[in-house]
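Protein sequences appear in the order of chains A and B.
For the first sequence, the numbering used here gives the first residue as 1, with consecutive numbering after it.
For the second sequence, the numbering used here gives the first residue as 1, with consecutive numbering after it.
Careful: at least some of the hints might be erroneous.
Non-contacting residues of chain B with respect to chain A, defined by C-beta distances greater than 10 Å in every case (computed) [unchecked claim]: (1) M17; (2) I32; (3) D33; (4) E198; (5) R216; (6) A245; (7) E253; (8) Y260; (9) S270; (10) L280.
Facing chain B, a subset of chain A residues (Cβ under 10 Å, in silico) [as the list claims (entries may be wrong)]: (11) S16; (12) T74; (13) T163.
Keep in mind that the hints were calculated from the coordinates and are not lab data.
In this text, a Cβ means the ideal position worked out from N, Cα and C, and glycines have one as well.
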Amino acid sequence: MAIKIAVVGLGKMGLSHLAIVNALDHFDVIAMCDTSSIVGGVLSKYTKIPFEEDFDKLIALPGLQAVIIATPTTTHDWMSRKAIERGLHVFCEKPLTLSSAVSEELAAAADAKGLVTQVGYHNRFIGTFGEIKKLIEAGAIGKVTHVQAEAYGPVVLKPAKPTWRGKAGGGGGCLYDYAAHPLNLLNWYFGDTAAASGALLKSGFSAEVDDEVYASLGFADGVTGQLSVNWSDPSVRKMTTRITIWGTGGRIYADRQEIQVFLTGTAPIPETYRTGWTTKYITELTPPVSYYLRGEEYSAQMEAFGDAIAAGKGAAENSFASAALTDASIEMIRASAQDGGGIGSFGVTEAAPRKAGLVGRILGR
Amino acid sequence: MERILFGDNQFFGINHMSEEKARQQAMRFQDIDNIVDVLQSALHAGAGGFMCTTHDTIEKIADRVRADREAWKGFTFYPGMPYAHKYANAVTELGYFDAMRKFLPSEGLVDTMLRGGKAVLNRDIEGMMTLLVDAEMKMFRGLDTPVIFLQNVVTDLVQGLGIVDAFRIFAEHCKKRYNAEAGFITMNLPMLLPMLKEAGIENPIVCANVNKIAFRMSGGIEGYREATTKYPARVIAMSVLGSGAIRPSEAIEWVVNEPYVESILFGASSKANIVNTVDLIREHDAKRATSAA
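So here's chain A without its partners, still in its complex pose (with noise of 0.2 Å):
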């Protein structure tokens, strides 16, 4: 039977998400919830999906089973609390929280009620990415020693206005919005993060947020890594992510379109891969999804929440306290660059950094 839903939040993320929600055949959309009531009465009125402004009223609809919250990051926390505490399954935007702790938290309340949570980190459901993981898992380039995570993107090419996306302490900036998708992968390959150093907060266009983020990591068994996040790069169309791995048996690269492998055959070699350079495309990587938008992974990702829902069996993929991994490795980032890594503006704005950290230093303010 479909499960009754609604979406909280709707700007980009949230009316992609009610789209999908409303085509696919797991859930029947039964509200949906903007603190615009303007926006809320224009998209009822042509959706007739009814519309609820107050959040405390959405989650007390009767019969309602789970929720997707798509708002600013800083009300992610007492959202989901309430959500959870009513007994509904909850799927949240990405970052879950500003709070590692918090996002535990909520994760352990879910799951005491053995309730799904899910957090949008779209990637994992990306075909090219997904198979890195199995490669990974099966010692394909025997042990690994070193990762780089990158991503692009042209989300902040001139100084602006800052909606919340672009106000400090509000969970904007490259490294909420952007770095945390390859940090995701990151905590997915490897498992938490075990150390970070030398990061980079780098502001330019934006007046009180980064728009650069620069990392080396740690994780387990000696894998290191590093991350490079620019959202403010551009040459790129939209969002370009990248994760290059080296073992002992040999390469991995992969973006949205292709993966490459090079593997040296000192490692068992994967069915359907070979001694040398094997290239997937994405064509062969992707389950195919009853309904489309802007990409295979959205609906997929619903899917699984749909599917996971009526297993029964709590979270599946990205669940709440996976995405803690991820708030963490954020935490562990800033903690570094506030102590001998570096924050700082690289000079197209007068706003000057708050700390002069290395950035500072090398640009002499």
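For this one, chain A is given, so just place chain B on it according to the hints.
Chain B in isolation, oriented as in the chain A frame:
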């Protein structure tokens, strides 16, 4: 509508297989003369129907066509709108209302509507949609555009949200203002057709992925066949090569034999590839005609 249509993804760094190849193409085609050369090759090869986005670069192509009509005889624009990235980015950056202020031609309109409150806003949403269409169509002034397409991001968003009225408003406006038919690009053809019927659009023009490996064919090959039998539509097949995953000859042979396919859309960057693809379509069309006779 032409049997063969030419697309524009390759000009804008869009390649569904390789980011590296996409970047190479973006570098080559930042010089507009290189785009013009490829379009001329397509025109002379018999693929003069150009299905394009409303990217700023297309306006420059339209300028070239207006400047020398003789050289572009038989060349027709089939615009697809909106160029969604600019709207999505603006909404994220500015919020809904500032984004609308940015794009709507008469700047005071949004403010008037907001001042008027919800009642006025509800009444004027139809007018606002048509104004957005007009803003996108400006670059094609003086040119014949027999079909105007709604891009798949918008078609499928509207479809998912269940806003049937939007399809009707778009189709009526295309007819009234541009004497054009509405076309709908979609990644969800079997789900879309019943909704277009509900919107009162009979035998719609729909552009969707059709390829032998069922890549990005939501609902699957059988789903397409059933839907088009039940709800007749003029289907333009795109991504027929499955982004390069199928051998061209095999891919084309399969697609020309799908009974619901009326036109085939493809993109290519070289004259040789254009000619080869057009030849393949003609060859397999001829074979099909012979075996049918």
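**Request:** Tell me, in ascending order, the numbers of any earlier hints that this structure violates.
**Result:** 1, 5, 6, 12
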